[in-house]
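Colleague: Here's the letter readout for the chains.
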Amino acid sequence: MAGKRSRGLSLGMDRFSGLYLWALFILIFGIWKPHLFLTQNTLHSVASQEAIAAMLALAVLVPLAAGQFDLAVGSTINLSAIMVAWLQTTQHWGMWPAMVVSILVTTAIGAFNGFLVVRIRINSFIATLGMATVIAAIQSIVTGQSQPQPPVSSAWNELTQRTVFGFQIVFLYLIILAFVIWWALEHTPAGRYIHATGGNPEAARLAGVQVDRWSWITLTFSGFMAGLAGVMYSSLSGPSLTFGQSLLLPAFAATFLGSTQLKPGRLNVWGTMMAVYVLATGVQGLEYVTGVQWLNNMFNGVALIAAVGFAGWRQRSAATKRPRSEEPLAEESPPGGVAVPVVQAGGLAEPSPAG
Amino acid sequence: MIGSVRSGAQPRCALVVEGLSKTFAGPPALDRFDLEVAPGEIHALVGENGSGKSTFIKILSGYHTPDPGGRVVVDGEPLDFGSNESSWHLGCRFVHQDLGLVANLSVLDNLSLHGGFPTRFGTIRGRTAVAEARRDLQRVALEIDPLTLVEELPPALKTGVAVARALRLQDARPVKLLVLDEPTATLPENQVEQLLATVRTVAANGIAVLYVTHRLDEVFELASNVTVLRDGRKVATRTTASLDRRQLVSLLVGTELDEVKAASQDIHTRADEPILRVADLTAGPIRGLSFEAGAGEIVGVAGITGSGRDYLLGALFGANPRDGGVVAVSGDPLAPFSPRRSMESGMGYLPGERTSLAAIMSYSARENLTLADLQPFWSRLHLHTKSETAETRTWFERLRVRPGGAFEAQMSTFSGGNQQKLIFAKWLRRRPKVLLLDEPTQGVDIGAKAELHRQVLAAAEGGAAVVVSSSDVDELVALCHRVIVLRNGRLVALLRGEDITVAAVSKESLGAGEEVYQ
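Sequence order for the protein chains is A and B.
Counting from 1, one number per residue, gives the positions in the first sequence under my numbering.
Counting from 1, one number per residue, gives the positions in the second sequence under my numbering.
One should not assume that every hint holds.
Unchecked claim - With a straight-line cut-off of 25 Å between C-alpha atoms, the simulated DMTMM-like cross-links for lysine to aspartate or glutamate are:
1) B/K433 to A/E202
2) A/K263 to B/E408
3) B/K58 to B/D98
4) A/K263 to B/D98
5) A/K33 to B/E391
6) A/K263 to B/D373
Don't read these hints as lab results, they were simulated from the structure.
Produce the entire structure from the sequences given, and follow the hints as far as they go.
Modeller: See below:
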């Protein structure tokens, strides 16, 4: 029992390590540059600057929970941002029709990704990687590589830039979206099925979960979410031909980092949100201190590798400790009648635990 | 006894174990264990999962240090506990279930990786190496070209190579004791004889063989003596000539299977109102199979690996595809590849491969238990975790899942037996009309096994039609009202009532043409 308690305690340290790190950043930069860093302005600007990246992380999170990679979100968010501006300025559409059509198009792209993965049976990593470049090509065809003018209308700017409690409203949208996705993933049967699909698709199928359907739905949702985030970006910062790809890796980084937080080992919404903002806080603080250009990339990459590496190491050390204390229970025999097990064919000397 | 060990003139025991105990936490895993094995003797060691066999072997190999007080003597020399080197130097050799061969290397390379290549000026002397390898293989009566790749060998010969490697002479250290840990557990039945021949050759060279197995037929065929372990204690050491299979089973598991059989016979079966109807099924290796199962009936499926036994239940449920035929529950025909559809018509399926197919190891016990039916907990836009937990608690108590109260612990942290109980509970929750159980008690300890048997009987008593597919024939004999035997994908025998015996099932499984066990 004593062992159990100490494991619970150390898990607590792991689960909230992001929060401690966050507090540490605020403390360090607060002492170092109090007049720049410890201001409401910093709070508000970090919150809204990172809202789009956080939305894209949510777009990545949902299919990833079902075990599907969506590498096309970077191109998709870019297409959406360009399209919603292009429809308004070049095609003279109204703001709302342009938004609806942009999001519908990206949702259709997500559904097509799902079709490739579920029906054609292409690995999602490959399928969406291919689609990413196809979408980029389509964007070039439509825009002719010239950046469309940003729509000039106060309603369009107000969409994301209106101030609520000092924050730009886009941050509020993010909170609402995160809340809805958290609810769907953690408090509905759908969420249970999605996580089960990601955990072990065949076992989930044999428990009656329609794994293909959920994979398809999550990839479609990812397209929808990336489209929505693209529209927001366009309203917040104006259309850009290239921003999407630069958001792709940080989105995955945040979801993986997030899966080491709060509910370790499971992709989760608030862990992901925390990861986005802890990293942003660190980058913001360092920018006040030095202002060099490469900082953002370096910081994000190192943080990802360090955090995921640390979490993996913790898990392994927990796993190697366990069997010794539970030796009599762990005595397992392999299937009696199964023809040739993989271990024999694989032929590695180290006996590996099943699964 | 110690005196006879010490006196050099008499043939002394290759292995003497006295008063060996090992405690991890709670009751001892091994409790005052004694054993003697003479040179050239094949001594079988049998016991259910959790009986202490593995603990003993790990003490012998120097992995575990036992509790103070016990001793192990190998050919007159005491074993220095907890030391791999001591075990090796005294001449103990081990072949584990996982053979530790590198599949894409040759037999020669596999032998030499362990014992070193003969070299001259740092270059491998090819011809010498081949000759040495051939000599090592001949010692265990294997005629294999040393340059063959291991992956090209049939399974029994792979095990043979592992034995040859274990017996390789090194540093002129004579081998006194060979321990084989369930070498046939993963062998197809028709390969077993080949391996047994290898083992006999080893023993004929004067090496003591400790043979750990789950297959009782091998005990009688191979060993002169057998030691039975249960719950960490030695139940008996007997000569195999003085035992029959039934007596050995009761030494192993006590009277559990007799009780199961009595309880099974008391169930009121209604074979005349079939719930499950299978007609002319063709799927995977299975050809034209038809059978029925009625309310309260437990139908067994027997057959060797490759007979279709391990494919059948998955095909009925829709886990495996079907090529033709009809599977119907209460007259309702099922779609060929849809577990969901099968579940809706009242079917439940416990797959044989527990970790890969039966559960989501990253999910908690509660989440696994409720996954197959979440509807009762979903209301007012919310999954009610509290009522989920309450239901989980009742199933933990009903099936005595250990550790009790660990509803939120990850599935992977439970022992095999408790995982299996949870997977049982997942299906029992749905009150299935047809319960398909693939290897329901494989790899679980004796206590869990009894609990699982009770649950199977209770499900049948509650009016379910139960189909059990198992490689454990003793289990089928105890549980089932009828047993269908498959061979080469076809139904070759339908045994009922008094006709269901281990001998009859084994005979029908193997067929007249392939007398593997004489």
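Colleague: Are the hints correct? Go through all of them and say.
Modeller: These are the hints, each one checked on the structure:
Simply put, B/K433 and A/E202 have alpha-carbon atoms about 23 Å apart, close enough for the 25 Å limit, and the pair holds. With a CA separation close to 12 Å, the supplied pair A/K263 and B/E408 stays within the 25 Å bound. Using a Cα cut-off of 25 Å, the hinted pair B/K58 and B/D98 holds, with the two alpha carbons roughly 15 Å apart. Under the criterion of a C-alpha separation no larger than 25 Å, the hint pairing A/K263 with B/D98 is inconsistent with the structure, at around 35 Å.
Only pairs whose Cα atoms come within 25 Å are accepted, and A/K33 paired with B/E391 is rejected, the gap being roughly 55 Å. For the proposed pair A/K263 and B/D373, the alpha carbon gap of about 24 Å is at most 25 Å, so the pair holds.
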